[in-house]
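Chain by chain, the residues:
Number of protein chains: 2
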Amino acid sequence: MKITALEAIPFAIPYRKPLTFASGEVRAAEHVLVRVHTDEGVVGVAEAPPRPFTYGETQDGILAVIRQIFAPQIVGLPLTEREVVTTRLARTVGNPTAKAAVDMAIWDALGRTLGLSVSAMLGGYTDRMRVSHMLGFDTPEAMVAEAEHINARFGITTFKVKVGRRPVTRDTAVVRALRERFGDTVDLYIDGNRGWTAAESLRAMQEMADLGLIFAEELCPADDVLGRRWLVSRLDVPFIADESVPTPADITREVLGGSATAISIKTARTGFTGSQRAHHLAEGLGLEVVMGNQIDGQIGTACAVAFGSAFELTSRRAGELSNFLDMSDDLLATPLHISDGQLQVPAGPGLGIDVDPDKLRHYRTDH
Amino acid sequence: MKITALEAIPFAIPYRKPLTFASGEVRAAEHVLVRVHTDEGVVGVAEAPPRPFTYGETQDGILAVIRQIFAPQIVGLPLTEREVVTTRLARTVGNPTAKAAVDMAIWDALGRTLGLSVSAMLGGYTDRMRVSHMLGFDTPEAMVAEAEHINARFGITTFKVKVGRRPVTRDTAVVRALRERFGDTVDLYIDGNRGWTAAESLRAMQEMADLGLIFAEELCPADDVLGRRWLVSRLDVPFIADESVPTPADITREVLGGSATAISIKTARTGFTGSQRAHHLAEGLGLEVVMGNQIDGQIGTACAVAFGSAFELTSRRAGELSNFLDMSDDLLATPLHISDGQLQVPAGPGLGIDVDPDKLRHYRTDH
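Sequences listed follow chains A and B, in order.
Note that the numbering used here has the first sequence beginning at 64, numbered continuously upward.
Note that the numbering used here has the second sequence beginning at 64, numbered continuously upward.
Isolated chain A, as found in the complex (with noise of 0.2 Å):
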């Protein structure tokens, strides 16, 4: 059980459509595949979603950190020895995907080594999770299509909207248009990725205060520290901290402080190991939890529905499990399906999923 290679490959697959929000576009994924390779012939797979505008990484900077860092840091390891493994990658400050990759790989491979999957593993609570479809920024129109499209194709009834446009009503208007199209078979929440202030926020829910929102997440930058204190505090809903809370420390401080109600765990950025101690501390603090995409693609939501199904806790709520619609491929040999409004854990030992050679062969942008 022995770590003998750890390999950090680049590759990029265009979006069938760029995907827009508060803090970004997204028009192609060029992600990191990782794969653990151990001495008994076993590879475990995940993948590191690069995101400047949120966690400041880069791909080549992924590269440069699996390859000269962590590779010498953690080969030669047992794969059980995931807690010395965490503490070696600790060292390196930052670098969430490329950290969380390494680490959820080390579980697929584990896994697989003992015909465990990874979901069974972490807790085993549940086989699936309920979908929640995130809703990129458009017109109001071509947002309820959209949300029309993706109810009657996968069965999905609840939808997270992107705002922080501005003027509010553009967003707002949005919200608005969902809840008269559906009525009350659907559940919605909104997501500004930091694009309003605080008293925009406030004006905005304000303005919603009818549309039955369940959550609001990240509406104003948790770095406008006081102003974030204030909105917070006014809110009738649980306020979801995401790209603020990229750590349980952060969590602690994001949460004593008054700027959150509620957090986002996303295995993209804090792995297995590191989202296990994320939702024992939200649970701990009696925090709703939200299971969140880094606009990952398949292999990358195998691993957030593996961990989400695994706790009650994080399958309670619909998972954003579902930003892989958009693109125009993946690596995966069979691919993910959702329907009915839900997606199983694959199954199998691991990750129950099995990267297509002649696909990575395709993506792969290293030669």
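Hints in this document: simulated from the structure, not taken from any laboratory.
Watch out, some of these pointers could steer you wrong.
[Stated by the list, open to error] Reference excerpt, derived from the structure (chain B facing chain A, CB under 7 Å, subset only): (1) 118; (2) 157; (3) 288; (4) 292.
Virtual Cβ for every residue (Gly too), placed ideally from N, Cα, C.
Given the coordinates of chain A, assemble chain B onto it according to the supplied hints.
Here is chain B on its own, set in the frame of chain A:
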């Protein structure tokens, strides 16, 4: 005054001896030289020191973010639109030394264009700073000998002692030996680089209660949120937050949360534009500040003294400006010189320094 090109050049200069402290070790200055070129033929310079164990940056990661993200964002802007540059760089999260070097190279180019020193442009309070010298891990005898050498040769009378080893008596013995050797002719403070727990930190500070320390810096991790608050509330000296406050918002959070009562300003991580903000915020909050050292080379040290000497608050205390003494060589045509315990701001427009083309050719690692 238009920016026509932004260069990032990796270089490596060996240290005379490796520098060791609680969060890491440095054997060579593998930094990135940043050059901003303008349409008038002016070239501004600065350097970015990759510190994976402090900020998560690698040399390759810095090259990637500057060349792929920052250069396209700022080429074409006039040097005077520094707030536009700042806003664009801020779209990328983290990457503090990469951003800081771009910012400082622009200030250097602007000063050269206007015939004004950066220090004068910033505030022009004085033309020099007293120097504080950092003592890395060794035996009490060796550290006292190093202090004697530095004191005799450069006239330096302020020492920052690296601590964070176990048991704490390994470090408290050093501080005691220094105080016994120098009496009250020197100022002493300690820097734990997050090496101790909160309880170890308090025990060490109690053991050194009679040694007249002026500050204690980052003795335990800021991420040990509640433990750190407990410690800081019990100390009789200002507790300096350094790597835990890379941004103004972090200063606000840590200080209002009770995790720090003073801050270190490092031009290497906040540049001139961000250091002004950190300084003005700290001054407004009524905090003591120290000009810190990111294990800077001479270019970085010229930046730190330019900033520190520009303001009353930053020049009140000795600045950490002597790490370059451990390097075997540097890139400057005219080396910096510490005498009478002071470092003068290099005379001349901008930073007052010039890169020696032969030295750059010798030490650059990109061809």
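Results for each hint:
no.: 1; hint: 118; in the structure: holds, 6 Å
no.: 2; hint: 157; in the structure: holds, 3 Å
no.: 3; hint: 288; in the structure: holds, 5 Å
no.: 4; hint: 292; in the structure: violated, 10 Å
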